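J.: Protein chains in written order, with this note's numbering: chain A, 1 to 330; chain B, 1001 to 1326; chain C, 2001 to 2288.
Treat the hints as calculated values from the structure; they're not laboratory data.
Since the model is a prediction, treat every value here as computed from it, not as a measurement.
Misleading hints may appear alongside valid ones.
As the list claims (entries may be wrong) - Below, in silico cross-link-like pairs of lysine to aspartate or glutamate (DMTMM-like), each with a Cα-Cα straight-line distance of 20 angstroms or less:
{"no.": "1", "chain 1": "C", "residue 1": "K2009", "chain 2": "B", "residue 2": "D1148"}
{"no.": "2", "chain 1": "A", "residue 1": "K299", "chain 2": "A", "residue 2": "D226"}
{"no.": "3", "chain 1": "A", "residue 1": "K202", "chain 2": "B", "residue 2": "E1025"}
{"no.": "4", "chain 1": "B", "residue 1": "K1218", "chain 2": "A", "residue 2": "D226"}
{"no.": "5", "chain 1": "A", "residue 1": "K202", "chain 2": "B", "residue 2": "E1275"}
{"no.": "6", "chain 1": "C", "residue 1": "K2009", "chain 2": "B", "residue 2": "E1067"}
{"no.": "7", "chain 1": "B", "residue 1": "K1018", "chain 2": "C", "residue 2": "E2119"}
{"no.": "8", "chain 1": "C", "residue 1": "K2193", "chain 2": "B", "residue 2": "E1270"}
{"no.": "9", "chain 1": "C", "residue 1": "K2116", "chain 2": "B", "residue 2": "D1310"}
{"no.": "10", "chain 1": "B", "residue 1": "K1254", "chain 2": "B", "residue 2": "E1205"}
{"no.": "11", "chain 1": "B", "residue 1": "K1018", "chain 2": "C", "residue 2": "D2050"}
{"no.": "12", "chain 1": "B", "residue 1": "K1254", "chain 2": "A", "residue 2": "D18"}
{"no.": "13", "chain 1": "A", "residue 1": "K243", "chain 2": "B", "residue 2": "E1270"}
{"no.": "14", "chain 1": "B", "residue 1": "K1262", "chain 2": "A", "residue 2": "D226"}
{"no.": "15", "chain 1": "B", "residue 1": "K1218", "chain 2": "A", "residue 2": "D18"}
{"no.": "16", "chain 1": "C", "residue 1": "K2116", "chain 2": "B", "residue 2": "E1067"}
{"no.": "17", "chain 1": "A", "residue 1": "K149", "chain 2": "B", "residue 2": "D1277"}
{"no.": "18", "chain 1": "B", "residue 1": "K1262", "chain 2": "A", "residue 2": "D18"}
{"no.": "19", "chain 1": "C", "residue 1": "K2175", "chain 2": "B", "residue 2": "D1277"}
{"no.": "20", "chain 1": "C", "residue 1": "K2020", "chain 2": "A", "residue 2": "D18"}
{"no.": "21", "chain 1": "C", "residue 1": "K2023", "chain 2": "A", "residue 2": "D248"}
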Amino acid sequence: MAEKILDVQDLVVEFKTDRGVITAVNGVNFEVYKGKTLGIVGESGSGKSVTALSVMRLIPNPPGRVANGQICYRGENVLDIPIDKMRTIRGNKIAMIFQEPMTSLNPVFTVGNQIEEVLKLHQTELSRDERAKKSIEMLRLVGIPSPEKRVREYPHQMSGGMRQRVMIAMSLACEPDILIADEPTTALDVTIQAQILELMKKLQNEMGMGIIMITHDLGVVAETCDDVAVMYCGQIVEKADVKTLFTDPKHPYTKGLIESIPSFDSTAGEEKDRLPTIEGMVPSLFDLPEGCNFQNRCKVASEKCRGTHGEPKLEAVGSERMVRCFHPLT
Amino acid sequence: MSENILEVRNLTKRFPIKGGLLGREVGAVKAVNNVSFSIKRGETLGLVGESGCGKTTLGRSILRLIEPTSGEIIFNGKNIVDFNSTEMREIRRKMQIIFQDPYASLNPRMTIGGILSEPMDIHNLFTGSEQRKKRLHQLLDQVQLPVDALNKYPHEFSGGQRQRICIARALAVEPEFIVCDEPVSALDVSVQAQVVNLLMDLQKELGLTYLFIAHDLKVVEYISSRVAVMYLGNMIEVAESHELYGGARHPYTKALFSAIPKPNPLVQKERILLEGDIPSPMNPPNGCHFHPRCWNATDKCRETYPEVVDQTATHQYKCHNPITLS
Amino acid sequence: MSVKEQESKSLWNHAWDSLKSDKMTVFSMGIVGFYALIALLSFSGVIVSDWAKEVGDSYGAPSSEHLFGLDIFGRSVVAKTAKATEIAMSVGLITGLFTVVIGVTLGSLAGYFGGKIDEFLVWFYTTVSSIPQIMLLISIAFIAGKGLFTVYLSLGLTSWTGLFRLIRGEFIRHKNREYVQAATAIGGGDTRKIFKHILPNVLHIVIINFSLQFQFAIKSEVILSYLGLGVQGVPSWGTMINDAKLELARGVWWQLGAATAAMMVVVLAFNILGDSLRDALDPKLKGK
């Protein structure tokens, strides 16, 4: 049984805006295990990125705040610890990589400097030479050829794929327990994406960290994740291991998402049917309906879903899965 | 009327790079390099490729939004490269474009009614307020937007809705051919399918021809009858969708499709991982541009650029050492 | 698809709402409005048409009747200040108009057409802007002679450079934006693209610039008048401050005080207004 290193319970994150308070994350629970990857899937407004930022306590306050919940890293609730203790964890025990490597790397420092900065902060026992050597080693580890030369290059001199590798090198420099990857390959070309995902898998096998993979791409989820949580309007609507989720989705939203992806199975001259779609749009967080958030787009919605029974709760269906629905699919 | 609504011959677009003290030309980027292809009336040609391949430049050059450096663009039998502005205005009725970014392609200061009316005003169509009103309602109906949208502004709509407005604008002048430049890439997954369905419905209803440019290979394969693959400004393979996905001859095509993450965790497939980065189009490798990353590369590949090979009437590729079919 | 049933608001409406909601901005708009009103009333002769009348002793001190006392000729300082407001506001307005017309025309031509036109206009702009404005003002004033018209001319011919640069930059940016490409694709020509598409989206910069120019023009007029090159025969804040040179030695501060205070208040109001306008008008372009 893999070791549980992160346990998030009842997380609620709110944001104050001109038009009122919105609840970007509304009661989210999940666990991350060593050596395993948890996928958090959702579209815009689902709250997946806000969830990730909360684990690192990076929600800007104001206008945001964590209104409720616990984020237990190795048994200790990081929401309660003092900020300088949190800083020793960030980048060191829990690391994060972002979607846009160009804007996440500092353009006026060399990539070597940026890796060394992480080491300087958290591995203070290393000397300057040792740090320099380690940063070259990290670049080699992430598959950058001629790392001794490239360590002195600036971000703008590198391609998107290279910069993402540098981000990964920075995040793994201190051998963290958890790596949070927020849409790490969305901005990359497809062949480069394949390389980066392969690299992350390889490094996970070697270093044993848990990964939280945040994405909207179900293909990426299927290839990289062990467990998946599907988010909609700030709540988890389905949680299961990856095989179960794809072969037997129980929430209508999950099923809709999977079906709306075209698959490669055309034969010559075949007349293409229309793609199955989820009708309507994601509701605005200012304007959520009474009852189930998904009711206006759901093919199996009934009167029960419209508020007479309150909101559906996340409940176990079978042994290894949870669904938030009054009518889970059979 | 010929079967081909569009024939592109030897189209090249080069962007000069200025440098030095006097700003002289020190080099050039061949964004589109000697590309030739044709599209039949009523079909959808998909165009795929990664960064720097030139697909966006190609799409815009066909409409002369970017002026081609050389080559011919034969639309309905006439070469439009040399058309003057009056003749181009006529052609612009027949050829339209839908852009990727639904936030940047609508003028934020105009109402939807104004945006949709503008093309009709330019071409003097549906004049007379009754006729115009009817036409506007018809357009909104075709893209499934409510009639009260006419008085609203773009910022009041979501990405998917804005894209529908862009489609309506393209349809306003009753075009024959539409370049779809990454029309769904900026949209949420659940909305992408809606817009793809809309485009397919409109094609059937109005007899449109599409050039569908995208980097999401799954969507392209779904909507297109034929697909063309570009790499560093060159069109390296064209084939019917089903031919390409099963029987790609060019190694890059094979690698490209194998790189797509499949939404099916049960399938453990052999994936081809390409080495290295996509080279910069400013300095393409000698010979075949793909050879540094190609596992099938031979000496000939490093020296000479491959010519077109016609495998069938619908399947062409440019490779000295293509994948052997099983 | 539920879109709320409310009157559709354009970006201008949103900007106005945003301006209305900030108290400081509303207060500043009030001040500017007040000054404009005084200027208008003074211009039409409704008030202070008798500013030149002698109403008391020379250098009379401030009293309940004459809040800012009297000048060397026994004229009411308050009346003079009010009259001078007319001068200041007209300078701001006329200069602003010159600036907008020249700056926007040249800037849009340079930015939109590029090439040789742009090269020439940028050379011209660089030349004009590299000469210190004060020197240009003085030179033109010497050639054209002293007086209010000279002030208009000299300020108008030299203040357009900032706006030119901004407008040119905006045109270059917008020229390649997709909504302009879309206008080309539907068959639109240059005139339509410039006037119907790009210009409305660049207008907010003109408005912000106008409000900042206004106060700069007022300050410049003060400097010109202080140097003796400005308006003659009618009081302006600059001439009042100029006169103060002699008066301070005698302990007479009220003319200086009135002119300076009047100037400071309106400049401050314009500054606040300019900032608020920038906040209200600029970031709406994405509208998400």
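J.: Would you mind confirming whether the straight-line C-alpha gap from K2023/C to D248/A stays at or under 20 angstroms?
T.: 58 angstroms, violated
J.: Would you check the hint for K1254/B and E1205/B, treating anything up to 20 angstroms between C-alpha atoms as holding?
T.: 34 angstroms, violated
J.: Against the 20 angstroms threshold, does the CA-CA distance of K2193/C and E1270/B hold or violate the hint?
T.: With Cα atoms ~52 angstroms apart, K2193/C and E1270/B exceed 20 angstroms; violated.
J.: With the threshold set at 20 angstroms, check whether the alpha-carbon distance from K1018/B to D2050/C stays at or below it.
T.: 67 angstroms, violated
J.: Hinted pair, alpha-carbon criterion (20 angstroms max): K2009/C, D1148/B. Please report holds or violated.
T.: With Cα atoms ~13 angstroms apart, K2009/C and D1148/B stay inside 20 angstroms; holds.
J.: For the pair supplied as a hint, K2116/C and E1067/B, is the alpha-carbon distance within the 20 angstroms limit?
T.: 19 angstroms, holds
J.: Verify the proposed pairing of K202/A with E1275/B, using a straight-line Cα cut of 20 angstroms.
T.: 16 angstroms, holds
J.: Take the C-alpha atoms of K1262/B and D226/A, compute the straight-line distance between them, and say whether it is at most 20 angstroms.
T.: Holds, because 15 angstroms separates the two Cα atoms, which is no more than 20 angstroms.
J.: Take the C-alpha atoms of K2116/C and D1310/B, compute the straight-line distance between them, and say whether it is at most 20 angstroms.
T.: Judged against 20 angstroms, a Cα distance of about 47 angstroms means the pair is violated.
J.: Between K2020/C and D18/A, does the CA-CA distance stay at or below 20 angstroms?
T.: Holds, at roughly 15 angstroms.
J.: Starting from K202/A, check that the Cα of E1025/B is at most 20 angstroms away, please.
T.: Violated, because 45 angstroms separates the two Cα atoms, which is more than 20 angstroms.
J.: Taking only the CA atoms, is the gap from K2175/C to D1277/B under or equal to 20 angstroms?
T.: Distance ~32 angstroms between K2175/C and D1277/B Cα, so the pair is violated.
Hint compliance for this structure: hints 2, 3, 4, 6, 8, 9, 10, 11, 12, 15, 18, 19, 21 are broken, all remaining hints hold.
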